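K.L.:
The task is to assemble the complex, starting from two chains supplied on their own in separate frames and drawing on the hints.
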Amino acid sequence: MEDDAPVIYGLEFQARALTPQTAETDAIRFLVGTQSLKYDNQIHIIDFDDENNIINKNVLLHQAGEIWHISASPADKGVLATCYNRSKCSFSKSAAQLFIALATLKFLKVLTCAAVWRMPKELESGSHESPDDSSSTAQTLELLCHLDNTAHGNMACVVWEPMGDGKKIISLADNHILLWDLQESSSQAVLASSASLEGKGQLRFTSGRWSPHHNCTQVATASDTTLRGWDTRNMSKPNLSGKLPYVRPCDWGPIAWQAGAARCWCCLRVTGPLSRCLALCRVWNVRYNHSHDQLVLTGSSDSRVILSNMVSISSEPFGHLVDDDDISDQEDHRSEEKSKEPLQDNVIATYEEHEDSVYAVDWSSADPWLFASLSYDGRLVINRVPRALKYHILL
Amino acid sequence: MDPGSSSFPPPSQPHARGPGSGPGDSPEGPEAEAPERRRKAHGMLKLYYGLSEGEGAGRPSGPDPLDPTDLNGAHFDPEVYLDKLRRECPLAQLMDSETDMVRQIRALDSDMQTLVYENYNKFISATDTIRKMKNDFRKMEDEMDRLATNMAVITDFSARISATLQDRHERITKLAGVHALLRKLQFLFELPSRLTKCVELGAYGQAVRYQGRAQAVLQQYQHLPSFRAIQDDCQVITARLAQQLRQRFREGGSGAPEQAECVELLLALGEPAEELCEEFLVHARGRLEEELRSLEAELGPSPPAPDVLEFTDHGGSGFVGGLCHVAAAYQELFAAQGPAGAEKLAAFAQELGSRYFALVERRLAQEQGGGDNSLLVRALDRFHRRLRAPGALLAAAGLADAATEIVERVARERLGHHLQGLQAAFLGCLTDVRQALAAPRVAGKEGPGLAELLANVASSILSHIKASLAAVHLFTAKEVSFSNKPYFRGEFCSQGVREGLIVGFVRSMCQTAQSFCDSPGEKGGATPPALLLLLSRLCLDYETATISYILTLTDEQFLVQDQSPVTPVSTLCAEARETARRLLTHYVKVQGLVISQMLRKSVETRDWLSTLEPRNVRAVMKRVVEDTTAIDVQVGLLYEEGVRKAQSSDSSKRTFSVYSSSRQQGRYAPSYTPSAPMDTNLLSNIQKLFSERIDVFSPVEFNKVSVLTGIIKISLKTLLECVRLRTFGRFGLQQVQVDCHFLQLYLWRFVADEELVHLLLDEVVASAALRCPDPVPMEPSVVEVICERG
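Residue numbers (UniProt numbering), protein chains in the order written: chain A, 1 to 395; chain B, 1 to 790.
So here's chain B without its partners, still in its complex pose (with noise of 0.2 angstroms):
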């Protein structure tokens, strides 16, 4: 006995488990009608599951329904059980079997009693309940024979009125058609004062609508004359109806709904849609044009406009509002027309769009040298968005478009204001760093001005760029309706923003400050070096870092999702880099013109043949290493210190020992001094062979030494060419020799390679000593006195 079995009883199952009996060891019970029904519902399930009966006997599990020692198994044989005992259990097992079968019959019985007994009494029962039902149908059942008779009466009747009410039926049909006849004559015989009075009283819908259900019944009877008059009388009023109404209309003064209404009504009475129409256009040309009349008004000469934003206000609920309801009102109304009307609307909303175009475009004219972006935005974003109506209304008058070309407009031009501006503010820093240059100073407050006026322009330029980044970023904000137009997204983030406004404005600077050294004339000459020395400075720095900064912080902020080219930030940092060192070359060019004119002055008015013996160091010498030192603390604050050949620091005590006594009779004219003096000259000579050129114009590098190295050698180069230029007596040279000799002790410190300084100054006194036709030269050691004294 499976489990389930237990769960669910049936109700009339005899209880046949006892307690603590095993499966197997269950009396046979002679009801083998449970078994079948758990089988039938066990195939069903089986069947519901897809398993064949087959497949469910052969499962290992559960007992086997054709074993024939299965007690509660269908085929169950008492022989074959009792054979399987016997022979299989020992004595006392089958003892205990005995016993325990013994006990289930017993208990069987008892329950198989109580369960006869308790269906007996439910049985006399029923039994009762029965006898009373045949009695109760009885009585049913005559009554049930009366209702028949008395219904068969009532049919009877009822055929009988049906036939007497015949006739009458008839004649009240026709009467109620006759009626309603009637109620419709009379309709149309007081058609005519219906109408009046509707005239009257202004009821004008009511009229037409009355009109309308009158028409056609007329004109089917007009052959009648009683309808003929009708209808003329009709046609008076319509006629009259349809004039009040032309005059309401044409009086206009009602407003766009109401005149709507009119024509409507006048449609309705047939009245030509053509004419109307144009009618219709006609007088909202006038309304339209009042609108922008006034705007016109606030655009006005007097100053005091109302600001952009309010313009586009009024422009939009008034001007771009009345556009929406006529041109709504005339789809509505004209749909009939077609194409032909579609394209005169059309037409009437570009002519009138481009007035109000022109009128925008004057009043944002006037914001153009503005410097409020936000409200400007808000006020174009607002006129973008108030057209987008009509302009999806009135797809073919191209009014969308002609707004997004208007904002896109203005925001190329404020493009263009911006970069005026950073070129405004760039060169408004310029003027700041030349007064604060030209400002008489206090005496040692100069060092750090120059790196400050550095930072100052740096960071003003920086904040400016930024400010402008913020404003235009304006122009690209989600929330305002034209941001995503592809030319916003596009061109203007790119060509824009990125190349017009900052690779622009950083071209343009580049170009501002190569013109410092580009120009000769006055403006170059009055260009103070410092000047070209910080705009340098700014442009290196510029090549350095900020402008990458720059230029990432702006592909940041407009995500540059163009594909057009833009400068790469290498072209650009070329570009200063460039810059930059022209001006540092420019200025090394300037400062050591300065020194040149100031040694060439000091040669060439000498009259160095009656020079007296030196005494002293010449004070134009002292001027020179004084301002060479102020040009080092210049450049030293702005660039770094570079790199200097390594040299033995004892330089300054280096004698002239290339220049000593020997030395003079002139390695230029070998053939004719062929004795001693060779040896030195021939070193010297070869020393020249083989130390490199002087390069006297090599281009400036990005550091102090190089700076200062370049302007040396200027200096040097051109006391060169002037002293070849005198004729030196002997005291003259001497005097040279000593000024030589200061500058090398003063010089050294400031130039990349000391042995310059050196080989230029050497040659500078041979070439004094050539052009001696006496030379003397002074003793090294008094020159040095004469030196360090001064």
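Bound-form chain A, shown alone (with noise of 0.2 angstroms):
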């Protein structure tokens, strides 16, 4: 069975954003945001059936607008955010409601919004539906809850916190990060503290991310050339604020951090290498693997997608795992584990499936060996870490 070929699912639109369903942990489940001016946008739930190399897929409709940003709740399954613009708007095509549109110009203005939505309840775990069906049976999505962000500029991203109820939120709004509560079972969100950025310039967020050690207290975010930690206990300042030598086209790019603050630092220099691996590429997403996190996913504008096993930033010490495995084999292992030679940091794989640039990739949420990329053209390609690596790792 040739199971480490690529799965390719093609979208109607072009998209952007794409998220596992973080609340899931038994299928392997993706969600794809669509980004269309002129359609309906949608949501795809993508089910992909591991052992027989199907993908299910079931498509909600998202009528807001274009969606830039998705993030899957942590606690439940069927509830998720976006970020989207508002801007399916009614430009008039006569040239004599020119002047109207013109002048209403300000208003007409596209704002970038977030929101909450649940979905239908009998898609949250993913019924499967026939794939010609549930094109035309597009659901729609609830709304939960409005971000308000009319003080505060575009929604650039919304992350959930990682490991917590469901309850708390950050959203990055220009140059704002705002925290949100969510109450009432997440039908209403209420600004919990907010901070700003301060500086010369257009300073704004590209993209935020949320420690998942120390107790998620820790959130990162990108903006031009700098990396800043904040503590969401304490939001006025950000405790760590690295410049980053010089404008490269990856760190505008967002970076995500699956390490901890303390690993920030290790983060910024893996910019160098890892750049030095995608050679002159920009980089739009990086993510590292929540249990492995020596295995690092990059998705550039060449549209590629990089695997690289980026050992030194490893929290796993190299046979770490062999030693708590079992402690009457310890004598066979350590002899294997002398025989094993530390691996280099390197790119293990570079996937070409796509043919535009790759804007988001993801680690699924149920199989740490599993990941989706995503590039503009709407193709959504499913990989696996290949299986001489997996079981070195493993073993």
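Using C-beta positions, here's what the derived DEER-type ranges look like:
1. B:ALA451 to A:PRO368: 55 to 61 angstroms
2. A:ALA388 to B:ARG507: 34 to 40 angstroms
3. B:GLU755 to A:THR140: 43 to 49 angstroms
4. A:THR140 to B:LYS601: 37 to 43 angstroms
5. A:THR350 to B:GLN597: 25 to 31 angstroms
6. B:PRO699 to A:GLU184: 53 to 59 angstroms
7. B:VAL776 to A:TYR39: 15 to 21 angstroms
In silico SDA-like links for lysine to any residue, alpha-carbon gap of 20 angstroms or less:
8. B:LYS466 to B:GLN495
9. A:LYS38 to B:LEU725
10. B:LYS485 to B:GLN557
11. B:LYS466 to B:THR546
12. B:LYS485 to B:ARG409
13. B:LYS84 to B:ASP100
14. B:LYS601 to A:ASN154
15. B:LYS485 to B:GLU405
16. B:LYS601 to A:ASN175
17. B:LYS132 to B:ASN121
18. A:LYS38 to B:VAL776
19. A:LYS167 to A:ASP181
It is worth saying that the hints were derived from the structure and are not from the lab.
Computed from a predicted model, the values in this text were never measured in an experiment.
All residues carry an ideal CB built from backbone N, CA and C; glycine is no exception.
P.N.:
Structure below.
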């Protein structure tokens, strides 16, 4: 069975937003948000049947606008948040009305908002409808609440607290970082605290990521040239701020942190070797594997997805798992351990199934050896970590 | 008759040949003895040459001696001859031979008569002489008789005298013996006073000799009281003498030769050698330490120390010379001491030598920073040469080895110093280039500057390398005493000079250059792109020519005989090429980033929804084209044009057919737009399918077009990504259209494959159209007009 072959799924629209269904730990499920100015946008729920190598999809209509960012609640499978353009505006096509349009241009200005949604119950755990039916019977999302951002500007991204009960959510709006409390089963969002970047020029957050360590009190954000670490208990100022040496595309693109604040600096250093692996390309998205954080996934605008093995920054000491494994077999493992050579930081594989820029990559929340990547032309590719490496890491 | 006989006629032989007579017709001579003798001579010659008589007879030439018809032959038979004549010859010839023969006979007769007369006269005179002799002999006989009687008388007298003198002779002999003995005794009796006198006069040598002569006798006859007294006196005096000698020895001021003499005398006096040799060494040490101190003083803290050559000269003549003297004297004096003595000396020399070496090393260390290699080499040469003498004398002390080691160490340090010098020179060159690049330049002056700078850098580095090679080469010059040591013949050349200096330098140069692209820090950011470009070209030049040139030069100058593996030229070239490639890639990256940044800001900061209808190309695009042109000029100074894909020359006139009005529906949503636009969409999609994927970040080649292509690709890709992040109004889209057309007009000429620019720009406009809720493109003709006006 050729199960290392990538599985490809095509969407009709351009797409930038991809997330695993975080709360789901059994089935491999990804959510993809499309981006179209002219048509109703959709959220595709992609179920991947690992054993049969089959994809099942369900489509939800997202009529609010084109989706720039999507994230799923870690607690409730049915809840997700999106950042979207409320710009399904109706420009008049006739020249006569142009002046009116111009006059009202201020109000027509595109604003990116964020909202929390609930998907229909029956889709939560991935019903296995046949793909043919699902496109015709597109269902809509139920709006739970808006994250009111009129005072703060465009939402760039929304992230849930990764380990919590799905009550806390961070959103990044232009130069503000906002911490929301979701109350009454997510139907109401209360701004708990906020902070903003001060500085000359147009400072804008481009992405943020919640640290899973330290009791989830750290949030890292990326803006033009800077990475910042925030403490959610005291948002007054970033507790960690590193000026990146110089503006590289990959700095400008989002950088995700999986490791804790203490390892932020490692992360900074990673950009060096990483970018060298990737040669001149612009990295749009970086993801560490949840369980084996030496595996780093990057998607870049040269339409490649690169899986690297960053042994040097791994929190897992080499051979660490072996010792915990089985005490009786320790002697054998020891000898094995010695025979194994420590791996170097290297690129494991380059995936070239995409034909356009890859804006989103992510690991599955259910299977740590599986990941999805999404390119602008709406192509979703699901890949696995090569088996040899998998066994190498596990054993 | 063979011709030899006429050349040497025996004097007694009658002349047997008439004028004109041929062989065979000479008259038969009665004298058979002549051929006989000739035969005898012949026989001896034959014997000599190893030919037997028989063989001689078998010879084809020459007359047969047994031939009875041969007139001159020994077996001549007249009857046979006559018979033969009569039988064989006609009458006329007979007549002729008869007359001939008669004539010859007559001539022979007359010859014979003459000879007889002559001999007769000689005979008569001989008879007279004999008669006279007879008379004389008679007289002599008488005188001999008288002599005999006289001799008898003399013998008689002599015998009588001998008998008389016999007695006296014995007495005289005895007296002579007594006289000699008395003289010896007198010497002995006078010995004490003589010794005293000698000691007073300071003629110690004489005294010791006297003492030596008397010693044995006195020893032998010491049982006689008188001798005893003398011996005692002598011993007292000798003791005093020894004491004086010791004192003189201890004072030590009189230099090594005198001391050696003292010691020699003391030894002759039978003083204990052990003690003496200790003392001798102590004194020698004192003197040599004096030398060392003076050397140290020269070394001293005062900066104007004498130059290193003078220093080693002093050291050589003072210390090493002294050591030589000491060693030579010691070995001469204490040769009897055997191996223990030699060991002592070796230890002594080793200790002092090591102190000397320490001083020399300190001095040489001061020299390390200096630039004058020839002086240093000469100094080292002196140093090494000087130490060869004691080295030969004292093989056990290992002085020569230690000296060689020092020289080697200095040579190594020197190599390191040169390597540092080269690196510093390289960095200096880079600083100069930076300054030259940073200096405000006159417009249009920049052009030749870069190529000139490159040439300057290359030539200055090359000259530095050559200077270093020349300086280092002094170490291996033939006249230098240490150049034939194995280290300098092998390791120094291959590992030291070739690997350490040249290869090391090229490597460090590559590393320095690479550090410009590695460090993303402030340093990398501050590196002017022109410097990257220049370094890249420099490395490339190194790869193509300079490295092999330098290495060949090195190999020629230092005939590398060492077998140890050396870095092959190809490896080094590959490294240089890799460096050049990385630098160029980095250059592309940096320049691409600059332009990208410009484009990015221009897209990000504009409100595309509320923009007005485009009237002009935006200034930033002009800026981009200007900058690209500048980069093109800059790269063109150092890199060749490169190949570009042949395309229609008229591409600037190309219309925007691909993204004309029917296109904006978007090829990405085919299911929702199934109607007319499909055709062009399909076409472009198919085109995209079959055209090769644009590898935006493909490796850069070493030519201008490739570099420019790289930069433009990065820039346009950035533009594309930025456009995708924005939402455009109708006029926003049109502005993008105008901008892209403008870029199209000017950028195609820089790239290898203009199709690439088309594709990327098409995609930009297509993306903008997708991001536009109200995509109404501008008429291509209007776009063109605006672009041409702008």
